[in-house]
Amino acid sequence: MGHTLVEKILGRKLNREVRPGDMLTLPVDWCMVDDIMAPFAIEKFYEMGFTKLYDPDKVVFIYDHFLPTTRVEDVRQIKEADAFAKEQGIRHIHRTDGICHQLMVEKGYIKPGDIAFGTDSHTVTYGAMGAFSTGIGYTEMAAILGTGETWVKVPASIKVVIDGTLPENVTSKDVILKIIGDLSACGATYESMEFTGSAMEEMSIASRMTMANMVVEAGAKCGLFYPDEKTASYCGIETKEMLEALQPDEDATYEKELHYKAMDFVPVVACPSLVDQIKPVNEVKGTKVDQVFLGSCTNGRLEDLQMAAQILKGKKIAPYLKFIVTPASQKIYREALKDDTLEILSDAGAIITTPGCGLCCGRGGGILSDGEVVLATNNRNFLGRMGSSQSQIYLASPKTAAATALAGVITEP
Amino acid sequence: MEKTFTATIWVLGDDIDTDIILPTQYLALEHVEDMKPYAFSPLREDLAGKIQKGDMIVAGKNFGCGSSREQAPEVMKALGISCVVAKSFARIFYRNAINNGMLLLENDKLYDQVTEGDRATVTLGEKIEYKGKTYEISSLPTNLMEILEAGGLVAAMQKKNGKKVE
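Sequences listed follow chains A and B, in order.
If you read the first sequence in our numbering, its first letter stands for residue 1, the second for the next number, and so on.
If you read the second sequence in our numbering, its first letter stands for residue 1, the second for the next number, and so on.
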């Protein structure tokens with residue numbers, strides 16, 4: 001009986017066969033610690049009786065939620081993380097480079113087959129590279145920082161097959177939202193999702209990251225794409241054997257299979273305040289919005305900004321609307337500056353902010369007040385997520401965001 | 001941990017996410033004690049103030065979905081909540097709760113029967129009794145039970161590292 005991709009990745013690491021339900025103790029390749037959780041993880045690390053990291057070169061510290069700081073007390077977080085990094089000799093530290101999940105892939109840390117844990121639930125993003133990665137809490141991170149390992153129960157898998165070509169106005173965001181709607185917010189709990197089919201092969205690494213990023217919104221432990229030539233060239237790998245070792249077997253067993261035709265997808269939104277409350281954009285068109293947000297680890301990459309710029313070129317956003325654009329990293333910011341994307345967005349009336357998590361976690365500029373409505377490209381629309389619990393958040397693609405910014409009401413691109 | 005205990009019930013719904021349990025604005029407060037008044041505030045502003053030590057929460061499916069913030073189970077523990085009984089739990093929250101010694105029990109029927117303010121009796125690894133009816137609960141895998149019994153992952157690691165537990 002064959003193996004799914006997650007079984008292959010986990011089994012390869014331990015050099016033995018693994019099956020769903022097996023309890024494993026896994027060596028960890030990467031520990032990603034963000035600025036919200038760093039001081040707590042550090043405190044627990046010492047409390048547990050550790051004094052030295054198991055390997056400082058496998059630890060990446062990234063400051064993204066709180067920078068630039070918006071509250072006096074946030075400075076403490078950064079100072080404590082800095083002090084620990086110096087003391088322990090952590091070389092991989094990013095203070096102003098952008099959002100953690102973007103950087104883990106962009107800076108080349110993550111390679112196919114890696115095992116990564118992060119103190120943020122969207123750590124699942126690295127599944128786009130064919131790596132096993134998932135979110136944990138700070139106590140668990142503290143234990144890994146000290147021991148280099150943790151326990152994982154091998155998950156069962158859900159296979160999602162999408163063949164064909166997506167319609168012009170549909171992006172990978174619409175695809176993953178639709179899938180979450182079909183599965184529900186807990187439809188993949190504890191499981192691994194695998195994405196395959198010709199539409200997935202066609203997708204850029206950036207688009208794959210958007211989908212892998214959101215599998216946690218269906219409860220999944222990880223969301224995996226099969227490493228291919230695109231993955232290899234992105235992370236500069238030439239070893240064919242490795243890519244071949246990281247493909248599922250044809251006779252692998254899946255808990256569930258979902259099959260879609262790419263041409264059937266339409267632009268969709270997740271309605272307030274549940275991620276799985278999915279409707280076609282056309283069903284909510286005309287809903288007035290006060291703000292549009294383009295950014296986050298879900299949709300703050302260059303292709304996302306370019307998609308919006310294409311729609312907004314030479315035009316102006318609706319009067320009285322706030323349009324906030326946050327590139328996911330400094331690299332993306334510079335690239336978007338060079339190819340005029342930022343100029344187009346700025347001319348259209350966008351407020352362009354510094355790379356980081358910002359508004360997505362309710363900490364950056366653009367906080368919502370009672371009664372306000374936002375259409376946003378990030379991954380969560382929970383009650384009060386971006387400010388007041390009396391505000392409403394619709395989640396959508398960068399294309400829908402641009403079309404909505406132009407019209408001032410929810411609009412299909 | 002007591003094997004059998006009786007507790008007053010607070011009822012919450014499906015998909016209680018970690019932003020509801022503790023909004024991002026309060027995550028960086030220095031002490032968990034400071035976070036307590038804000039627990040569940042987006043959904044029920046006055047709930048945290050009403051919860052008494054030993055009370056239990058009964059909820060629907062997917063309790064604890066959302067972010068990896070461990071402050072969520074920590075603040076619940078600090079409020080004195082004895083356990084959460086839900087139809088199902090999200091995975092990161094589940095791990096975080098165990099690591100903090102916060103008891104979670106899965107049962108898919110109790111939620112549809114309970115009324116807030118009533119009391120129920122829990123017998124660990126066996127059952128919940130409510131209004132004369134019995135609801136089954138299963139026991140945890142051994143490695144997780146060990147963490148829970150040690151009082152959480154910190155205590156379990158201290159033991160491993162030979163550090164004196166204060």
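Warning: the hint list may mix true and false statements.
Stated by the list, open to error - Using 30 Å as the maximum straight-line C-alpha spacing, the simulated DSS-like pairs for lysine-lysine come out as follows:
#1 B/Lys160 / A/Lys153
#2 A/Lys315 / A/Lys285
#3 B/Lys159 / A/Lys153
#4 B/Lys3 / A/Lys52
#5 B/Lys50 / B/Lys159
#6 A/Lys79 / B/Lys3
#7 A/Lys52 / B/Lys160
#8 B/Lys160 / A/Lys86
#9 A/Lys107 / A/Lys240
#10 A/Lys58 / B/Lys127
#11 B/Lys87 / B/Lys109
#12 B/Lys87 / A/Lys153
#13 B/Lys87 / A/Lys256
#14 A/Lys86 / B/Lys159
#15 A/Lys279 / B/Lys87
#16 A/Lys79 / B/Lys109
#17 A/Lys153 / B/Lys163
#18 A/Lys58 / B/Lys131
#19 A/Lys153 / B/Lys109
#20 B/Lys160 / A/Lys58
#21 A/Lys153 / B/Lys127
#22 A/Lys79 / B/Lys77
#23 A/Lys86 / B/Lys3
#24 A/Lys52 / B/Lys159
#25 A/Lys13 / B/Lys160
#26 B/Lys131 / A/Lys13
#27 B/Lys3 / A/Lys153
#28 B/Lys36 / B/Lys133
#29 A/Lys153 / B/Lys131
#30 A/Lys256 / B/Lys109
These are computed hints drawn from the structure, not numbers from a lab.
To see whether the hints hold, each was checked on the structure:
1. B/Lys160 / A/Lys153: 22 Å, holds
2. A/Lys315 / A/Lys285: At roughly 20 Å apart (the allowed maximum being 30 Å), A/Lys285 and A/Lys315 satisfy the hint.
3. B/Lys159 / A/Lys153: 23 Å, holds
4. B/Lys3 / A/Lys52: 38 Å, violated
5. B/Lys50 / B/Lys159: 36 Å, violated
6. A/Lys79 / B/Lys3: Status violated; Cα separation ~43 Å.
7. A/Lys52 / B/Lys160: Holds, because 15 Å separates the two Cα atoms, which is no more than 30 Å.
8. B/Lys160 / A/Lys86: Judged against 30 Å, a Cα distance of about 26 Å means the pair holds.
9. A/Lys107 / A/Lys240: 22 Å, holds
10. A/Lys58 / B/Lys127: Distance of about 44 Å is beyond 30 Å: violated.
11. B/Lys87 / B/Lys109: Since the Cα atoms of B/Lys87 and B/Lys109 sit roughly 7 Å apart, the hinted pair holds (cutoff 30 Å).
12. B/Lys87 / A/Lys153: 20 Å, holds
13. B/Lys87 / A/Lys256: Holds. B/Lys87 to A/Lys256 sits at ~21 Å (cutoff 30 Å).
14. A/Lys86 / B/Lys159: 28 Å, holds
15. A/Lys279 / B/Lys87: 26 Å, holds
16. A/Lys79 / B/Lys109: 48 Å, violated
17. A/Lys153 / B/Lys163: 28 Å, holds
18. A/Lys58 / B/Lys131: Given that 30 Å is the threshold and the Cα spacing comes to 53 Å, the pair is violated.
19. A/Lys153 / B/Lys109: This hinted pair holds, its Cα atoms lying about 26 Å apart.
20. B/Lys160 / A/Lys58: Distance of about 22 Å is within 30 Å: holds.
21. A/Lys153 / B/Lys127: 25 Å, holds
22. A/Lys79 / B/Lys77: 28 Å, holds
23. A/Lys86 / B/Lys3: 46 Å, violated
24. A/Lys52 / B/Lys159: Holds, because 17 Å separates the two Cα atoms, which is no more than 30 Å.
25. A/Lys13 / B/Lys160: Given pair A/Lys13, B/Lys160 holds - Cα atoms ~25 Å apart, limit 30 Å.
26. B/Lys131 / A/Lys13: Given pair B/Lys131, A/Lys13 is violated - Cα atoms ~50 Å apart, limit 30 Å.
27. B/Lys3 / A/Lys153: 27 Å, holds
28. B/Lys36 / B/Lys133: 33 Å, violated
29. A/Lys153 / B/Lys131: 36 Å, violated
30. A/Lys256 / B/Lys109: 25 Å, holds
When each numbered hint is compared with the structure, violations occur for hints 4, 5, 6, 10, 16, 18, 23, 26, 28, 29.
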